[in-house]
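Using the supplied hints, reconstruct the complex from the two chains, each of which is provided in its own coordinate frame.
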Amino acid sequence: MQGVGFAWAIAPGLDRLYPDPRARSERLLAHLAPFNSNPYLATIGIGFALRLEQEVARGSAGADHRLSRLIKALRSSLGALGDDLFWAAWRPTLGVIGAAVALATGSPIAALVYWIAYNALAQSVRWRGVRAGFASGAGIARVLQDPFWSRASGIMKTAGAAASGAVVGGALWAASGGGLEGISVFLFITTFLWLAGLRRGSRGRWLSPSVAFLVVVILLSVVVQVSAEVLP
Amino acid sequence: MSLEQSVLLTVFGAVVFLDQWPVFQSMLSRPLVVGAVVGVVLDKPADGALWGAVFEAVYLGLLPIGAARYPDAGLATLAGSAVALSAPASVAPPVGWAVAVALATGALGDHVGGFLRRWNGRTAVYVRERVAAGDLSAPGRAIAIALLRGAALGAGASAVALTVGLGGLALVVSTPWSGPLPMSVVVLAAAAALTVNGTRLFVDGRSRLSAWGVGLVLVVATFGLMG
Numbered sequence: 001m002q003g004v005g006f007a008w009a010i011a012p013g014l015d016r017l018y019p020d021p022r023a024r025s026e027r028l029l030a031h032l033a034p035f036n037s038n039p040y041l042a043t044i045g046i047g048f049a050l051r052l053e054q055e056v057a058r059g060s061a062g063a064d065h066r067l068s069r070l071i072k073a074l075r076s077s078l079g080a081l082g083d084d085l086f087w088a089a090w091r092p093t094l095g096v097i098g099a100a101v102a103l104a105t106g107s108p109i110a111a112l113v114y115w116i117a118y119n120a121l122a123q124s125v126r127w128r129g130v131r132a133g134f135a136s137g138a139g140i141a142r143v144l145q146d147p148f149w150s151r152a153s154g155i156m157k158t159a160g161a162a163a164s165g166a167v168v169g170g171a172l173w174a175a176s177g178g179g180l181e182g183i184s185v186f187l188f189i190t191t192f193l194w195l196a197g198l199r200r201g202s203r204g205r206w207l208s209p210s211v212a213f214l215v216v217v218i219l220l221s222v223v224v225q226v227s228a229e230v231l232p
Numbered sequence: 233m234s235l236e237q238s239v240l241l242t243v244f245g246a247v248v249f250l251d252q253w254p255v256f257q258s259m260l261s262r263p264l265v266v267g268a269v270v271g272v273v274l275d276k277p278a279d280g281a282l283w284g285a286v287f288e289a290v291y292l293g294l295l296p297i298g299a300a301r302y303p304d305a306g307l308a309t310l311a312g313s314a315v316a317l318s319a320p321a322s323v324a325p326p327v328g329w330a331v332a333v334a335l336a337t338g339a340l341g342d343h344v345g346g347f348l349r350r351w352n353g354r355t356a357v358y359v360r361e362r363v364a365a366g367d368l369s370a371p372g373r374a375i376a377i378a379l380l381r382g383a384a385l386g387a388g389a390s391a392v393a394l395t396v397g398l399g400g401l402a403l404v405v406s407t408p409w410s411g412p413l414p415m416s417v418v419v420l421a422a423a424a425a426l427t428v429n430g431t432r433l434f435v436d437g438r439s440r441l442s443a444w445g446v447g448l449v450l451v452v453a454t455f456g457l458m459g
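Protein chains in written order, with our numbering: chain B, 1 to 232; chain L, 233 to 459.
So that you can see chain L by itself, here it is in the shape it has in the complex (with noise of 0.2 angstroms):
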């Protein structure tokens, strides 16, 4: 990876961690358009188009309602695709190695973000004394330096999640510690994943199940139709 793809990269982890709440919500920050945005700055589209849809599959049941704390599956995506999309082309991918970064950076990310949440807190309280005091601009103010230090966390934890994840992968890469495995399995194990996830999401007990099974026998009957 050269130094302006990583430059890019770390910006572009700032807008991830930016989408998902303080602002935005526009799901630049969903894993799948994540991973693609990761393949094009690696110059590898499909392969991210491809580790994008992974993450998205194993995320899919992570819903942000009420005051659930969930991983950061935006930077989870974004480190975890740019550590398999670094692997040298001529060794099976660091799938399981890529899959544990991702994993670690959503942890990561979700402490960062009750932090910065804690962070606004406190500059709420201050907000209200400020404009109790006759400041009427203090609202925007203090919505504006937020945001810069949103973007600073959300660069930070992604810096410090490539130079982790890819710092490791050159220690393990080529060897059985990074999980290699070929893409066609992982694409299978991902299809599995977003099955299970969106089966149980959407199928309620009885609820839903015929428009599953219409959906499964449809394909099916389309594949076998066409042979």
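Next comes chain B alone, as it looks inside the complex (with noise of 0.2 angstroms):
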């Protein structure tokens, strides 16, 4: 239904272009068509969208065929670098740092902070986003190419990296504290984890990472009770 959101989301625009209901419908019509993109890119769409409806307005020839083929090229162009961005990059990255503090202080606050931190990026890009694609008009080809996309996606993967790594250094120094046996069951754990996790060319993982974590769980819950058995 986001052809129905992105609808909905124009409505107003073509509330002042169009007076005539008839026309109105029409071109409502012509936004209901499937819209699959990245949420928070997807405003870029409806101003961009919104920019061409005032050549369709105005009565220019071919207007709204050339404003149908663009929105559907644009749709994947801004699922591809949303995606990139939110889906494969910030999130994840803020992911790995929240959990990381708040296994290691077992504080409410690293949600809050994540989840602040993530919007301040997401909505902002998403309230932006209509001005933005309003005023690219032509120029939206320049928009999606800016090197701002690959660059953040690729700092926001580094930091990510960098955060795994740090999260292993962490978990060593903590796993320490239990001598070689703590760091024995954390390494055990980690190469089962990556084991179960590896692709078995086309027909997926061993495990996926919620069964082999319960897997883990279970084995690691097995043990800790036959040691309280069978240890003095």
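Since the hints were derived computationally from the structure, they do not count as laboratory data. The structure displayed is predicted, hence computed values, not measured ones. C-beta: ideal position from N, C-alpha, C; glycine also. Some clues are possibly wrong.
[As the list claims (entries may be wrong)] Stretch by stretch, here's where chain B covers chain L in the computed footprint (C-beta under 8 angstroms, at least three residues):
1. 280–292
2. 317–331
3. 364–374
4. 409–417
5. 423–432
[Said to hold, decoys possible] Pulled a few chain B residues facing chain L out of the computed Cβ check, cut under 10 angstroms:
6. Leu29
7. Gly79
8. Pro92
9. Leu94
10. Val101
11. Ser107
12. Leu144
13. Leu193
14. Trp206
15. Leu220
[Unchecked claim] Residues of chain B clear of chain L, computed beta-carbon distances all greater than 10 angstroms:
16. Trp8
17. Arg66
18. Ala73
19. Ala141
20. Val143
21. Arg151
Set out below in structure tokens:
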């Protein structure tokens, strides 16, 4: 239903451009086409569509076909950019940092900071997207090809990699409190989870991360309980 | 768990379900946040934060890209954390049962989400027909109704998961079947999951391997200097 959402979001603009209800209905129908994009960058598409709707409202020849064609091309570009920036970079990077801090401190503040930091970028991109899409007009390709997107994603992923390495260091340090035993347990769990997540060609992973984690906690529980019974 | 807490968690479950893809996407539905909120509701904020971090580590690598199907990490965390935090303080946390409940809830949430998507797809067809007939308020109305039914489905899935999870807890708590583990071991396991999932996501071949190494060395050196 992103198409319905797109149409609903653009409707106030169409109300201004088309006083005639029949024309408004026709244009609203055109925007009910399927629209699947990243949710934060979708507003760029809305702004851009409104810009082109001005040409359609002025009666430019072929403007409605051009709009439809460009929106179709735009949605996949916006989806790819947004997915790479938010789903593959910003969200998991903050997730690693937030989870590490929460595991180390047990503080719910980590979750609050995570939530604020994530939305500081995501919602501001969403908010500014309408104006950016509207202002860009024919220059939308320049906006999409701006090195900002890949640079930002690359920086975030590098930070995520550093954070993941830091988690290893912190976990090994914490595990060393339990001596060689603690370090061995950590390394065993890590190795098991890594191997369980290896891909078997096209058949997916051996075990999904959540199932692998369940297997780990069950194994550990069995070991702990047997040790408690067997050891003096 | 009191009746008020159960109702609060069920309502929160509706919010979590909606936040994932129907509306907002503000990450209120991320495990890290869900666990913390569940902890606040159940008056155990620190434990809730820990469980949120555990499930964030487990579900870190699930990326909603393209047409990928994935478990509902938000509802999974809500149910799993609630179960873990509802055990009496005198027993070891029922980790195995809590994680199993989370997995099952994640799968339930995925199916409920799929059902909602199909229903919304039929609604989109109906909206086109209404707009073609001149009903320009159809999109807004359809969105409001879709959100209400999404909230109802999310609340329903949460209620089912909490009922089954807490009911099962009553049967297995204090028995080996609950998979008891000290929290320190759970935290270690979660750190391992965070390591594996984070490394897999960000270190692609040699790319960013040096950043990963720098992170490792910096933390070890910092802890070493601090003694």
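Notebook entry, point to check: Quick check: which numbered hints come out false for this structure?
Noted result: Going through the list in order, the structure violates hints 12, 14, 16 and respects the others.
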